[in-house]
Amino acid sequence: MSSTMIFGAWISVFLTFGIFSYLYKDNPFYKFAEHLFVGVSAGYWTSIFFWTQIQPNLFGRLWPKTEYTDNLWYGIYKGLSFFSSTIFPVGGIDKGHALQMIYLIPLALGIMMLLSLIPKVNWFARWCIGYTVGMAAGLRAYGYLNSNVIAQIKASAFKFGNFDQPFFSLSGDSYFNSLVLLVGTISGLLYFYFSKSHTGLFGKISRVGIFFLMISFGASFGFAVMGRISLLIGRFVDLIKYSNQDYNYATLWILPVLILVLAFSAYKDKAKNKPIVNEK
Amino acid sequence: MIWKRQIPILIVTIVGLLTLFGWFIDEPTVESFVNDDATQWYDILASFAIFLGALNLMKMQINKIIKKKPGWIYSIIAILGFIFAITAGFFIKGVEGVEWGAHVTTDGTLFKWMFDFVFTPLSATMFSLLAFFVASAAYRSFRIRNFEASLLLVSGIIIMIGRVPVGGIISSWFVMYILVLALGIGLNIRFKNKMITLAVVGGGILAVTTAGMLSGWPLDQPSIFYLPVLQDWIYFYPNVAGTRAIMIGIGLGIFATSIRYILGIEKSYIGE
Amino acid sequence: MKTITDLILKMGKTDRRWIFLIIALVTLLPLFFPIGLPIRATEQTRVVYEAIEQLPPNSKVLLSVEYSPATKPENHPMTISVMRHLFRNKHKVYITCLWPDGQFMAQDVINMVAVDEFNLTYGEDYVFLGFRPGNEAVIKGIVSNIRKLYTVDVYQTLVDEIPMMDGINKFTDFDFLFSSSSGFPGTIEWVQYAADPTGVPMSSGVTSIQVNEVMPYVQSGQMKGVLAGMPGAAEYEALIGIKGDATSGMDAQSIAHIVIVLFIFLGNAAFFIERKRSKKY
Chain A
18 MSSTMIFGAW ISVFLTFGIF SYLYKDNPFY KFAEHLFVGV SAGYWTSIFF WTQIQPNLFG
78 RLWPKTEYTD NLWYGIYKGL SFFSSTIFPV GGIDKGHALQ MIYLIPLALG IMMLLSLIPK
138 VNWFARWCIG YTVGMAAGLR AYGYLNSNVI AQIKASAFKF GNFDQPFFSL SGDSYFNSLV
198 LLVGTISGLL YFYFSKSHTG LFGKISRVGI FFLMISFGAS FGFAVMGRIS LLIGRFVDLI
258 KYSNQDYNYA TLWILPVLIL VLAFSAYKDK AKNKPIVNEK
Chain B
4 MIWKRQIPIL IVTIVGLLTL FGWFIDEPTV ESFVNDDATQ WYDILASFAI FLGALNLMKM
64 QINKIIKKKP GWIYSIIAIL GFIFAITAGF FIKGVEGVEW GAHVTTDGTL FKWMFDFVFT
124 PLSATMFSLL AFFVASAAYR SFRIRNFEAS LLLVSGIIIM IGRVPVGGII SSWFVMYILV
184 LALGIGLNIR FKNKMITLAV VGGGILAVTT AGMLSGWPLD QPSIFYLPVL QDWIYFYPNV
244 AGTRAIMIGI GLGIFATSIR YILGIEKSYI GE
Chain C
224 MKTITDLILK MGKTDRRWIF LIIALVTLLP LFFPIGLPIR ATEQTRVVYE AIEQLPPNSK
284 VLLSVEYSPA TKPENHPMTI SVMRHLFRNK HKVYITCLWP DGQFMAQDVI NMVAVDEFNL
344 TYGEDYVFLG FRPGNEAVIK GIVSNIRKLY TVDVYQTLVD EIPMMDGINK FTDFDFLFSS
404 SSGFPGTIEW VQYAADPTGV PMSSGVTSIQ VNEVMPYVQS GQMKGVLAGM PGAAEYEALI
464 GIKGDATSGM DAQSIAHIVI VLFIFLGNAA FFIERKRSKK Y
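Protein chains in written order, with the working numbering: chain A, 18 to 297; chain B, 4 to 275; chain C, 224 to 504.
It should be emphasised that the hints constitute simulated quantities derived from the structure, not laboratory data. A portion of the hints provided could be inaccurate.
[Said to hold, decoys possible] Once the Cα atoms are required to be at most 27 Å apart in a straight line, the calculated DSS-like pairs of lysine-lysine come out as:
1) A/Lys221 with A/Lys171
2) C/Lys447 with A/Lys171
3) A/Lys285 with A/Lys42
4) A/Lys42 with C/Lys236
5) C/Lys466 with C/Lys393
6) B/Lys197 with C/Lys225
7) C/Lys283 with A/Lys112
8) B/Lys62 with A/Lys137
9) C/Lys393 with A/Lys82
10) C/Lys447 with C/Lys315
11) C/Lys315 with B/Lys195
12) B/Lys7 with A/Lys137
13) A/Lys289 with A/Lys48
14) A/Lys285 with C/Lys236
15) C/Lys502 with C/Lys236
16) A/Lys287 with C/Lys236
17) B/Lys72 with B/Lys62
18) B/Lys195 with C/Lys225
19) B/Lys62 with B/Lys7
20) B/Lys72 with A/Lys285
21) A/Lys82 with C/Lys371
Isolated chain A (complex conformation) (with noise of 0.2 Å):
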């Protein structure tokens, strides 16, 4: 095992018991973890999202490299190139797109953005959030009416054509199962109406859209523990992993160490909240 990979496995069980020290109290490591997180995430996105989408499909677009050429435009790629050869490779960005100056639009747009962050010129921003709310807006328009409305109306309507189907049937298709998902469905949406008041038997049908609506909450409650029990293993797994000899026993030197260095805070917090006796 590299000397890198035996670092890391050291770091990675440090932070991993730093988070889990939250679970004893707020403390010091807990801080320098989550703090740590905060500003690796944020470098982490943003160099993810610049190599795999601003480079190549915005700069590639606008200073392709098949169409390179000694020209005012590909003068200010050079002057670029001079500062930054990494982002702006000598010779254009080869990523096999034609020239789109077209693209000088959302280069706008986007730095109009980045604009906010100047109290007197955020109003730029709006340009850009107004597009990406149109945009957004006219996708899921019509991709939530087709799918979240249309298709499941569609599958909640009663089976009756289907007459191999038996009348009860624990598993598949039944005459008993496809009643239960109309009546759901029906009496859930009808819970939803606010208009009118929920009383006699509009009342009562709007009771029973409770109760499958409360399965859903219990069977949702379910799969959430199912889930987060999930994850926690995955995180035994890994500390598991690196207690081995292959990591230098990292879990099996970081924890005591951890553990003692909380008693004795713990032990410190207690001495201090001592009451003082006045002696007499």
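Could you slot chains B and C onto chain A? The hints should help.
Relative to chain A, chains B and C alone:
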């Protein structure tokens, strides 16, 4: 004023209508723009939004350090973490022969090392902390106060036990015995009559035992009391009914809100 | 009797840190001392398995990886198993990611399965297209013109130069989609913007938390089955006959669930005893 208000609203309306009708228009230029370039621009602007978020975060941390607010020392850690990630992303590859851009996914690079040993453990552990809090919350707050809460609890328990391997080894006869006992407790609370309770519980136990002995105690029969089968049914039918009702409601709400944005009725994105 | 009720009441007021410790122990111990509980595949896992098993030979399958290391214990084993199944049946696999971290997860799976296990040729048996930001806009881009969105693959090779990409221009050129997802964007967006409008069949593996959100799509037939969290991954491992990380975690999962259910019963017992006593006094 026109630059700060009317133009953004116009942008939303034009882009929104173009994207919405782009689902239905067959004209190649419009289709190509909506499906290819417009979506590319959206991707690019999403990336700029990430940069903005990162810069804003650093601005806040620097502000905290300068003004020496409580916990400012930890802000130094946050900034150092950011600088380290940016260094790994833009300045030091750590390995030769890898193109800039490909270095974010290639093994052996400093960026990959940071991902494996710093980002991954922090991110995964943060999520797994919730396992403890869920267990603690279930113990301290999950109470059967009424029928609805009981339904929630029972369906949750059936899913939790029926979904994992241990549910498959719990015999349906065991579940039947538990139901008989639960029925007895319920009757006792309702009627407060020991004779009725004894009769029902005794009779129930006798009936279940007789049925079991006659059928040879099959593990998964009757299937209605076998937890994995019961769990499958709850998960696929009543649970879907409730979830579907919520989904349809949300779908209609999103459609209505999207139309409101496109028509310029909703203007919360410009602070109104 | 009074001693027992007093004890239950006292346990109901325990410091939550003892509960944390118990949860940690019941999750950790089965990892050291496995029980080997039998795994029974549920109906929905079988549907996913059959959907992939029945694909015609040499099918072009889009495998989308959208999860982060945070949900690796749930999604990673199912991605590995599905990829094993696809390569075992000699299908062509195209890997894409809607999450940036998904790229690393996908690379890990490719190294483990395609490179180490099956010794496959890049560009002929599988292609790794990589991550693009933009959420549902990326899916729309794949549906309409994949080559405009992906001009290069993750290794910066031009897509036009990859043999397997011949004939792949849009989403309908694929025969099947499998999405291993843990949130937004993911399974739901694939259903809404790709599978539903085009009719290309799809399946998905999701985290346990997301299962309830996608079940209506499964029930309505918009998706062919679903792998639900780590149990779903373990069931799939059992179906393909190769045990992995998901199977080894199921004992711990089972015991932890039993303990949490016992906690709920204990908490409610304390609640009822306290309520009865306060009514009495």
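So, going through the hints one by one against the coordinates:
1. A/Lys221 with A/Lys171: Since the Cα atoms of A/Lys221 and A/Lys171 sit roughly 25 Å apart, the hinted pair holds (cutoff 27 Å).
2. C/Lys447 with A/Lys171: Since the Cα atoms of C/Lys447 and A/Lys171 sit roughly 17 Å apart, the hinted pair holds (cutoff 27 Å).
3. A/Lys285 with A/Lys42: holds, 14 Å
4. A/Lys42 with C/Lys236: Satisfied, since the Cα-Cα distance of roughly 18 Å is no more than 27 Å.
5. C/Lys466 with C/Lys393: violated, 35 Å
6. B/Lys197 with C/Lys225: holds, 21 Å
7. C/Lys283 with A/Lys112: Judged against 27 Å, a Cα distance of about 25 Å means the pair holds.
8. B/Lys62 with A/Lys137: Between B/Lys62 and A/Lys137 the Cα gap is close to 16 Å, so the pair holds against 27 Å.
9. C/Lys393 with A/Lys82: Holds - the C-alpha atoms of A/Lys82 and C/Lys393 are around 26 Å apart, at most 27 Å.
10. C/Lys447 with C/Lys315: Holds - the C-alpha atoms of C/Lys315 and C/Lys447 are around 20 Å apart, at most 27 Å.
11. C/Lys315 with B/Lys195: Judged against 27 Å, a Cα distance of about 69 Å means the pair is violated.
12. B/Lys7 with A/Lys137: holds, 12 Å
13. A/Lys289 with A/Lys48: Holds, at roughly 22 Å.
14. A/Lys285 with C/Lys236: Measuring from Cα to Cα gives roughly 26 Å; hence the hint holds.
15. C/Lys502 with C/Lys236: holds, 19 Å
16. A/Lys287 with C/Lys236: holds, 22 Å
17. B/Lys72 with B/Lys62: Roughly 14 Å between the alpha carbons, so the hint for B/Lys72 and B/Lys62 holds.
18. B/Lys195 with C/Lys225: The hint holds at about 20 Å.
19. B/Lys62 with B/Lys7: Holds, because 25 Å separates the two Cα atoms, which is no more than 27 Å.
20. B/Lys72 with A/Lys285: holds, 26 Å
21. A/Lys82 with C/Lys371: With Cα atoms ~17 Å apart, A/Lys82 and C/Lys371 stay inside 27 Å; holds.
When held up to the earlier numbered hints, the structure conflicts with 5 and 11 and fits the remainder.
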